[in-house]
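> The chain contents come next:
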Amino acid sequence: MEIILAIVIGVLYAAGVYLLLRRSIVKLILGLIFFSHATNLLVFLAGSLSKVSPPFVQEGQKVAQASVADPLPQALVLTSLVIGFGITAFALVLIYRFYQSSGTVDFDQLKED
Amino acid sequence: MENLLMLPLVLPVLAAIVSLFAKNSLNFRKASGVFFTLAQLAVAIVILVKVYRDGILVLQVGSWPAPFGITLVADMFSAIMLFFAGLIGFTVSVYALGMMDERRLKFHFYLLFNILLLGVNGAFITGDVFNLYVWFEVMLISSFVLITLGGERKQLEGAVKYVTINMVSSMLFLAAAGLLYGKMGTLNMADLAVKLQHEPASNLVNSSAMLFFIAFGIKAAVFPFFFWLPASYHTPPVAVTALFAGLLTKVGVYAMIRFFTLFFMPLGGIWKELFLITGGLTMLIGVFTAASQYDIRRILSFHIISQIGYMIMGLGFFTPLGIAGAIYYMGHNIVAKTNTFMVGGMVSKLKGTFELKSIGGLYKSHPYLALLFVIPAFALAGVPPLSGFFGKFILVKAGFDSHHFLVTAISLFVGLITLFSMMKIWNEGFWKKQPEDAEEVIAYQEKKLGFAMIFPSVVLALFSIGMGVAVGFFFDFCMTAAHQLLDPSSYIKAVLGN
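Quick note, the sequences are listed as chains A and B, same order.
Note that our numbering has the first sequence beginning at 1, numbered continuously upward.
Note that our numbering has the second sequence beginning at 1, numbered continuously upward.
Since the hints were derived computationally from the structure, they do not count as laboratory data.
Using N, Cα and C, we set each Cβ at its ideal position, and we do this for glycine too.
Errors might be hidden in some of the hints.
As the list claims (entries may be wrong) - The calculated lysine-lysine pairs, modelled on DSBU-like cross-linking and capped at a C-alpha distance of 35 Å, are: (1) B:Lys50 x B:Lys493; (2) A:Lys27 x B:Lys106; (3) B:Lys397 x B:Lys424; (4) B:Lys195 x A:Lys27; (5) A:Lys27 x B:Lys154; (6) B:Lys349 x B:Lys433; (7) B:Lys397 x B:Lys349; (8) B:Lys183 x A:Lys51; (9) B:Lys272 x B:Lys397; (10) A:Lys62 x B:Lys195; (11) A:Lys27 x B:Lys161.
Unchecked claim - Output of the computed footprint for chain B on chain A, the stretches with three or more beta carbons under 8 Å from beta carbons of chain B: (12) 45-51; (13) 67-77.
Isolated chain B, as found in the complex (with noise of 0.2 Å):
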């Protein structure tokens, strides 16, 4: 059963090779890409269970010992995350059999989903710094070429500013796993953790934890980084945005709670006071921005940015109550944004367009559209019993415990302003009347929303309403999952021995 932790890895690159085989047959590869994502995700909920019941899950690729082979490990912390992944892979890769063109499923955009989604489970589970650097690589080449693909005259645009910030980031990432490797003489993530405890001039690496910190902040799009996203999330089709929405900035902000709970943060510092500002400004700014844009896509991908700023603040609290919130609040909101993107192509393939000022009436036209909206953005805002209520309170509960009034209270403004412009989405696109002016609507021919369209959303909105109806069990996982981030002997213990 060991090998058990081979397999997130060993599906997706099975998927791109049937579907690199099946050449002619598009609906061969359609349905295989639905089907491995599927087996990922079961794969995924027997890993969770069996870490929840059996402690942290060790594999050491090809039976060298750690801390000289690579390891793969996968704790509470991890689960949750392939998980995540796996929900969000499931359901994306279904939405997408609805939302994308034919011309782009023959470019094989099954196979780069799956690759994909290798570099988000790859990142999830390796204990090594270097190969987190080359499945990070994996995920950002795939989804360089998912944003080209279709290679219109937007998507280039935005193509070129993403890959550019990234290729930057990654750079420094680099850079920075070979300055600590030239300090501590060791990549293996538990081994580092140890030597790092008995390291007396431990301030030293404090270089590499800023680089880290950048090359991480820049792919969570924290503030000041954030730039890049919302100059190229709107620009490829909306599966491949719902999909990038949901899982690619959390890989970034899950390696920042991995490296600053394991290496940095019990070494003291300034990262307290770093997290909980910049925390504090990415949300501030996020939901500002947000606030005055009138494209779906624009505004969802702004408040990405916002909610990364939540997460961040909990990890900035540096407390078991917050390190779950933190948890809790990114799987209610890989769940919620993914869902939301979703509803906002399912309008676009009503309306022909984003674009709130000429849309309008969708709640006298298709009432069921507006009833699966309203479910994820007003989880998003934080509204009881939905999940995002039970992740803001848990963050809240955490703030006020640890003293940290002025964060706290940004978070609960933020909220405010989140619902806010879920409204202004809601009343311009689903309640105002159609306006009569708006040309490009009119002249469209409205398309039928299919079955795979509507099942995914359903799927994450009831998932949504499950998280926070069924909070104490998820956020007894989420809990588990902070003890051992907080005190990591388990984990070095697991992966070293002894």
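Next comes chain A alone, as it looks inside the complex (with noise of 0.2 Å):
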């Protein structure tokens, strides 16, 4: 499961810096999309996969007696999520407001002033 996890995380690494490299504004965002899902699978996959059992302790318990998932990244995962969307959808406004007011998608077309 590690193995498969690493290798979509290096897929989405890729793609996103190879959208990040081209000109056209929309693949940009694509490309920032793709890189922090592939960041947020990171510090998922960081976190080590296990086959045990959820975070809870029994009643009557201060510990947890067998042994159990960490759940730290996953918290941290979805803060971070929550963020990223926000800044997805403010990036997204962002180019939309640059297409109209430059009437282009694509940066070479942009003139120097």
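Quick one: dock chain against chain with the hints and give me the complex.
In structure tokens:
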């Protein structure tokens, strides 16, 4: 499972960087989205995947008896997902306004002034 | 009194809430915006004095003991940076009263301004790696909106570059934090420092360290990651640029100094050499590219980069004097750089343009403005007895003491070219006659400079002089901070207890 996820992350990063380097601003945003998802998966994977019970403590006890999964990376990913969602929404509005004011989605068509 | 550390975070949030409720009264929003930044400055001074007298302040948020909860920590370094954030927040908020147009002020300029300060304050006092990421995002999102506020075409162009590169840098930061957690199993900074000292395979964290270096390097505009800064900083209104120039890149430098002194540099490795090389190149390339520019804001933007190089160089020396010099230099640079942008803004208010080729004669028509420009400009170039001279003097002494002659020589040379750039603005803008053929200036209706524009610039100019004249007083704070950074045991003890 780790191997598969690692490959997925690698592919996502590669696709993200490729799209970031294109001239079209729409592809740029797509690249950013890939990039942020690759990072989220990486953080998720860094907490290590394991087939253990969910992190609940039995009633009446102070620590979990069996080995449990680490909930923290998932909390981190949740936070960064929300932040990423907000920024992506902002970036989408930004490129739309950019298109409206400059009339192009291609960086090479921009004139220096 | 423990909850004192909450105030730098609570005050900006309160300011934002108040300004949302006062929907119809612009004057009330302006007044509350300025009032809350002044309150932040006052709180920052209280914290600074308290930390200096009683040692490191720690607040375990929600009473969760470290390393399980989020910890807020103010050591000397944090307290000094909080103070400068408060000072810049207050002066720029007054300056914006005079400089910002009504339309932008109505679009909740002061709300965004205070949220930006919230992010900056939070980044300075957090003791948790992931929490630092969140504060960075708070700061970035409000800076995204501030840089696009008004929606002019040039602003949008600059903002696309700014948003893209900053988002990439945030992702790298997040990836680094995730990998570090995967290796060490904790995100509390003090706990990480302890665990890294006892970690046998500590070279495995080098991948995170390098990612942190790149992420903070992008935010601090270090060579070779600085290209976004001159492409975007000259586009928003000058009050926004003054705030960004003073604070945002320094947050990146702050994070770099904090992380590398606490975690990675004690482990050895290539970091010292890396900082010295990138610091030297940042200084040189920033100052050379500035020399070829003719727009006031662009010249000053490139100078931000070259000045960042000095701080990185101070970190690279990794001696108490070097770190203290870097901290002193940060304070000096925050004040002087914001002030030069403020004066640049006033010049454009008088002449309607930032282009040096088409303006002139300001010394004759506005001699006091010339004086206001000379003080921060000479401070940046390092003329005694202003703050920049002592900043450079400390760093140069630290460099010679630790036998890093080449990079120290570069820093002296860069000081000379900085003087050249400042002389260029002086000669072109203030000294030569107003060119007859500059149509856009002739057609421009000269606006009056109000008290709200001149007052903050005077405050910062006096501060630049004060930092130079009373250098022993300020340097004492920086030296204490440097000792705490180089010997993290007091920081660790304050956070973790025992």
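> Next pair to validate is Lys349 of chain B with Lys433 of chain B; report whether the Cα-Cα distance is within 35 Å.
18 Å, holds
> Decide if the proposed pair is consistent with the structure: Lys27 of chain A and Lys106 of chain B, CA atoms, cutoff 35 Å inclusive.
Since the Cα atoms of Lys27 of chain A and Lys106 of chain B sit roughly 34 Å apart, the hinted pair holds (cutoff 35 Å).
> Keeping to a limit of 35 Å between CA atoms, is the pair of Lys27 of chain A and Lys154 of chain B held or broken?
Answer holds: Lys27 of chain A to Lys154 of chain B is near 21 Å, not above 35 Å.
> Could you grab the alpha-carbon distance between Lys183 of chain B and Lys51 of chain A and see if it respects the 35 Å cut-off?
Holds - the C-alpha atoms of Lys51 of chain A and Lys183 of chain B are around 19 Å apart, at most 35 Å.
> Given the hint that Lys397 of chain B pairs with Lys424 of chain B, does the C-alpha gap stay at or below 35 Å?
With a Cα-Cα distance of about 29 Å, the restraint between Lys397 of chain B and Lys424 of chain B holds, given a limit of 35 Å.
> So if I understand the rule, the pair passes when the alpha-carbon distance is 35 Å or less; does Lys195 of chain B with Lys27 of chain A pass?
Distance ~42 Å between Lys195 of chain B and Lys27 of chain A Cα, so the pair is violated.
> Holds or violated: are the alpha carbons of Lys50 of chain B and Lys493 of chain B at most 35 Å from each other?
18 Å, holds
> Could you grab the alpha-carbon distance between Lys62 of chain A and Lys195 of chain B and see if it respects the 35 Å cut-off?
25 Å, holds
> For the pair supplied as a hint, Lys397 of chain B and Lys349 of chain B, confirm whether the alpha-carbon distance does not exceed 35 Å.
41 Å, violated
> Against the 35 Å threshold, does the CA-CA distance of Lys27 of chain A and Lys161 of chain B hold or violate the hint?
Holds. Lys27 of chain A to Lys161 of chain B sits at ~14 Å (cutoff 35 Å).
> Are there at least three residues in the stretch 67-77 of chain A whose beta carbon sits under 8 Å from a beta carbon of chain B?
With 3 residues in contact (Cβ-Cβ under 8 Å with chain B), the coverage given for the stretch 67-77 of chain A holds.
> Three residues minimum, CB to CB under 8 Å: does the stretch 45-51 of chain A make the cut for coverage by chain B? Let me know.
As far as the stretch 45-51 of chain A goes, the hint holds, because 4 residues have Cβ atoms under 8 Å from chain B.
The earlier numbered hints that this structure contradicts are 4, 7.
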